Amino acid sequence: MVVKILIKYLRPLGTYFFILGLAIIFFHIDHGVELKNATKKLLTVYAYSSFTQSWGAGPELVLIFEEACNCKVDLIDAGDSGVLLQKLRYEVGNVDVVLGMDQMTKDEALSGFAWHEFSEKFFSDIQWSPMLPVSLEKKTLIPFDWAPLTFVIRKGDVKPPISLDDLLDQRFEKKISLQDPRTSNLGFQFYYWLISEKGEAGAINYLEKLKGNIFSMAPSWSAAYGLFQTKQVPLTFSYLTSLMYHWQQEKDLDQIEAANFVQGHPYQVEYVGIPATSADRDLAEKFIRFLLSEKAQEIIVTRNFMLPVVKLTSSSENLRRLPKLKIKELNYSSLTAEKKKTWLELWKGLW
Amino acid sequence: MRALSRVLIAVLLLFPYLIFIIRTQSFSFPEITEVANVLSFTLTQAFLSALASVILGVWGALGLVWVFSRFGEIFVNRVTFFLLLPNLVPALFIILSCFQIFKPFPFGMTGIVILHSLINVGTVSVSIFLTLRSRFGRTIELAYVEGASLWFFFRRAGVRLLSTDLYSLFLYVFSLCFASFSVPLMAGKIGSNTLEVLIYEKIRVDGNLAQAIGLSLVQLLMLMGLTLMGKLKIFSTGVRESNYKWSNLKLLSRGSGLLMPVGCVLVSLSGLFTGLLSGIEQIRSTPALVQGLPTLIMGTFLISIGTSIFCIFGLLIVAYGLPHSTFRWFLFSFVAPSSALVGFAMFLLKRNNNNIEFIYIILGLSILILPVLYRFRWANLIDSLEPQIETARTLGASWNLIFTKLVFPQVIGEAGLLAGLAGIWASGDFAISKLVSGKNFTLAMHIDSLMSSYRINPGVTLAWVLIIVGVSVGMFFWGIGRVLGEKSYS
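Line by line, the protein sequences give chains A and B.
Going left to right, the first sequence walks through residues 16 to 366 as the working numbering numbers them.
Going left to right, the second sequence walks through residues 106 to 595 as the working numbering numbers them.
Misleading hints may appear alongside valid ones.
Claimed, not checked - Pairs of lysine to aspartate or glutamate, DMTMM-like flavour, derived with a Cα cap of 25 Å: (1) A:K226 - A:D267; (2) A:K355 - A:E344; (3) A:K102 - B:D311; (4) A:K170 - B:E386; (5) A:K363 - B:E386.
These aren't lab readings, by the way, just hints derived from the structure by calculation.
All figures in this text were calculated on a predicted structure; none of them were measured in a lab.
Hey, can you work out the whole structure from these sequences and the hints?
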């Protein structure tokens, strides 16, 4: 009786059950590669989304490393750095390498998790780039790429700003897209830049004046940059290295430029580390050492559109073409979770 | 058995809360002062958006009546799916499209209401159109014969006959807008603070899951309060009976009504046309952008069909458990936690079961969409069967007999339609999928990644593939509902 009813009602669903079955098989083929490589050592790497994609740096780096180490690297897309750390709380025991924390989340990462400390020997033959604005005060989280932050501008639409105060000029009325500091690290970077330049009260005062020039404060970098790409705004806060994307991928050499501020620019450094709970810290160290090799750094430059942290013997043309921006020394080590919260409350009170 | 079905659904919907409370061992409410301002803004924008969507949706439904009377059933079904498209594509595409069309864009409350209305008017129009056909019964025919005007009919009979349906739809849009994330941030005035943003901030900046849960419970209580108000005011006077002889709706036919929902869809999707060619060009020059496309398509089918099937069973279990006043009120007022929280709950539940993580995604999506579907159309459909159920009970029929012979044949068609809608919506999800899974295996996840790495136009191109997959699943389940409905009478 039950079978009869099932046949009666489920038969019309046959085609889609077939597709569903096929989809499950596809899913398992896609997700089940580790079964095939069950005999090899497995290294689990947590990284942010754009790094892990087929067009990003991750897959190519993994491929080269897997060949060299005869191991399997499981590259996990763990979301942006804020979400990444929240997920890590519950999965830290299964992760060997965490890649993608920045200055905004570094303090939280250091206080929230135990990290493997690298020996002096590990760094002995690394030729750090002289441009890299940070030093290794703690040998737990290591920088693997970086980029100055600036305003990216569509040439000809508006005369580029030359300073933060110049951004207040009327020619930028409703022309700037920024990121919301509550939901975007880059948005917080801009806010922190203002606080460092002008002090807490000065920053709020500045934002009050800037209000009229902001077109939108988007929830993420991609949304803010989307406004710029679809020509809703002529300038947006982004990475200096965004220029490299347009040059390299869109063969667009003359349309986009970067603002060069007299007072200097903040920067974003991305860090990689090994949780102390990692089951195979030797292999994890090898992976990070590879990440800091010249070959890997070149891939990061061309696929991740960030600057290298080590000296490259021959840099790409796009890298050489990038304008040299003055870097502003910001005291990121004072950026505690408590302060962030206080500043966000101040920010919220402004609107 | 009926009690068990009710418990099953209640546990399923409360699942994310239970997981959090078990895993974090605590939950707390944030300070009143922190929530009060946020709440007033969130409520206002959701209220105005829902009101605008329902009013415009009524006008849009009259346009669909016109299409139905001019071109027939098949054509109107196609138009219907077209109108549902804004619910499928990522909100950012719609926001960018609107910014391009409305210059200067009216940022602030007006902007938020416009965007929310653009997204929801199509769906609301479709729902009201389907309701009109079954709800007006002989009343409209009598009014037509007696020569009543459209306004006279609406004033005297229409509003009363539709009051419960319109309130359900109002709550449906209200709950969607209440939990809206990107739209208030981008279209509102700078620094707009909604409850959803605050929840996200609690998770991301403070790492305070306990307060995020507390805020989510505030969200739940708000909607429960609103439902209670509606229950007292409207459910007591509303007419629930429906007539399955389709009404002759000639009196309501208004061609101009179609301009509203079609215009909304075209505005919403205009951005998908502008970036299409450039996207194709970029994909041709960088094939890595669509690497694994067959897997992504199959993954989208997996999530979409899986959610549809889960929802069909979920809705039927709900139908089996009704009528029951407390259960009905619970379902009507229940709002799932924010997608960020549901995603996190599913992530916690998944642990290391990566090979079946799609099941957790389907579960999470179903938890989010089931209350929405219930409010959207299911509640009123089941309510309209109450008189028949009461008669059958009086005559001594068992609950099982009532369900199989009376309820099932009358609701399975609608269950198919709603499951189809769930499938369409699920195919566009990336928020939950990305929290649960560490690998992109659906088109929506892939599109989000493309957009997060400068590639907005390739994302636009793939959005068209996503639309094809989503709509095909939606149409199939709608069709399957009808076939099953007809079979069950045989």
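Hints, one by one, checked against the model:
This hinted pair does not check out: K226 (chain A) and D267 (chain A) have alpha carbons roughly 31 Å apart, beyond 25 Å. A distance of roughly 18 Å separates the Cα atoms of K355 (chain A) and E344 (chain A); the hinted pair therefore holds under the 25 Å criterion. At roughly 14 Å between alpha-carbon atoms, K102 (chain A) and D311 (chain B) fall within 25 Å of each other, so this suggested pair holds. About 23 Å separates the Cα atoms of K170 (chain A) and E386 (chain B), which keeps this hinted pair within 25 Å; it holds.
For the hint pairing K363 (chain A) with E386 (chain B), the CA-to-CA distance comes to about 42 Å; that exceeds 25 Å, so the pair is violated.
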